[in-house]
Amino acid sequence: MQEILSKISIATRIKDLRHHAGLSQAEVAQRLNISRSNYSQIELGNQFPTFEVLYRLASFYSKSYEWFLHGSDDIVKDEFFFANEHPGFIKPDAASAASGIQLILCRKREHYIRMATDGNPKEFEVLPDIMWKRPGLIRAFEVEGDSMRNALFSGDIVIARFISSPAEIEDRHVYVLVTGSELLIERVLVSNKTSGVVICISDADPLARRILLFDDIKEIWRAEGKYSEELSYAVEDVNKYISHFETTVEKLRLEIEKIRTCIGENGGGLVK
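Numbering follows UniProt numbering, with no gaps: position 61 of the sequence shown is 61.
Derived by calculation from the structure, the hints in this document are not laboratory data.
Wrong hints could be hidden among the right ones.
What the hints assert, rightly or not - When the alpha-carbon atoms are kept at most 30 Å apart in a straight line, the in silico DSSO-like pairs for lysine-lysine are as follows:
1) K218 / K193
2) K226 / K193
3) K218 / K63
4) K63 / K7
5) K226 / K108
6) K193 / K15
7) K193 / K7
8) K193 / K63
9) K63 / K15
10) K218 / K108
As the list claims (entries may be wrong) - Taking CB as the label site, the calculated pair distances span:
11) R149 / R260: 42 to 50 Å
12) F51 / L254: 50 to 58 Å
13) H20 / T50: 16 to 24 Å
Quick caveat: nothing in here was measured; it's all calculated off a predicted structure.
From the three backbone atoms N, C-alpha and C, an ideal C-beta is built for every residue, glycine too.
All chains, please: the whole structure from these sequences, using the hints.
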């Protein structure tokens with residue numbers, strides 16, 4: 001009974017918000033990137049909205065996640081916005097990297113996050129001059145932890161290019177995402193421009209997914225290359241390929257011997 005009441009309560013709040021905004025079910029469903037029939041079932045109280053849908057609703061109507069779950073006496077706002085219409089990106093000053101590629105070490109991350117949030121320039125270490133012919137504003141970030149192995153290892157330096165719009169984010173690529181509280185180096189599983197949501201994963205645990213709203217992201221940097229002192233996994237992979245190749249060659253040699261034997265037994269002579 002409690003489950004039914006919870007579904008109905010959430011459904012009522014969602015339905016009231018839609019009516020207040022003067023939108024149809026189809027329009028809201030399109031914004032949420034779900035089917036109209038699916039959205040209709042949510043409004044009828046027949047099913048709970050998923051976490052991702054609830055998160056998009058909260059962003060769309062400028063409401064808190066908890067409000068949809070527990071309710072509130074707050075009056076629904078007359079004005080609301082959709083997350084990806086007003087991204088609050090702060091573009092770093094291109095002149096700040098004129099003397100070289102700025103390097104953000106792990107111990108400087110908190111410092112950098114504050115800079116990205118308040119927009120005040122700060123001093124950071126600079127990498128030695130290197131040949132980097134790709135265009136754009138480039139910055140370097142030290143990797144912390146092993147959440148991205150085997151692509152990246154703790155202590156690696158990721159060379160990344162500044163991205164000015166979430167529309168440029170490509171699925172399955174590695175990005176440095178700076179929010180108001182975190183600096184993440186993860187792979188983007190899906191960047192949904194319609195709902196204004198980025199879903200990220202770590203290579204070490206693809207099932208652990210993180211959802212970010214476009215509005216929460218201050219800076220986006222696309223990984224273009226890296227410095228690394230870790231080669232053990234690459235060497236292990238090469239050794240595996242060599243071992244596999246040697247095994248294949250040995251199997252092929254045995255098959256040839258069998259063919260020779262069969263031909264000889266049938267009086268056809270040996271293959272030379």
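Hint check:
Proximity of K218 to K193 is assessed by CA-CA distance (about 16 Å); at most 30 Å being required, the pair is judged to hold. At most 30 Å may separate the alpha-carbon atoms for a hinted pair to count; K226 and K193 meet this at roughly 28 Å. Taken as a hint, the K218 and K63 pair is honoured in the structure, with Cα atoms around 21 Å apart against an allowance of 30 Å. Distance restraint check for K63 and K7: the Cα-Cα separation of roughly 18 Å lies within the 30 Å cut-off, and the hinted pair is therefore satisfied.
In summary, the hint linking K226 to K108 is supported, as the alpha carbons are separated by about 19 Å, within the 30 Å threshold. Of the supplied pair hints, the one linking K193 and K15 holds, its CA atoms being roughly 24 Å apart against a limit of 30 Å. A hinted pair counts as satisfied when its Cα atoms are at most 30 Å apart, and K193 with K7 qualifies at roughly 28 Å. Using a Cα cut-off of 30 Å, the hinted pair K193 and K63 holds, with the two alpha carbons roughly 20 Å apart.
Using a Cα cut-off of 30 Å, the hinted pair K63 and K15 holds, with the two alpha carbons roughly 14 Å apart. About 17 Å separates the Cα atoms of K218 and K108, which keeps this hinted pair within 30 Å; it holds. A beta carbon spacing of about 47 Å between R149 and R260 agrees with the range 42 to 50 Å that was offered as a hint. The hinted range of 50 to 58 Å is satisfied by F51 and L254, whose Cβ atoms lie roughly 55 Å apart.
The hinted window of 16 to 24 Å between H20 and T50 holds, with their beta carbons roughly 23 Å apart.
Of the numbered hints stated above, none is contradicted by the structure.
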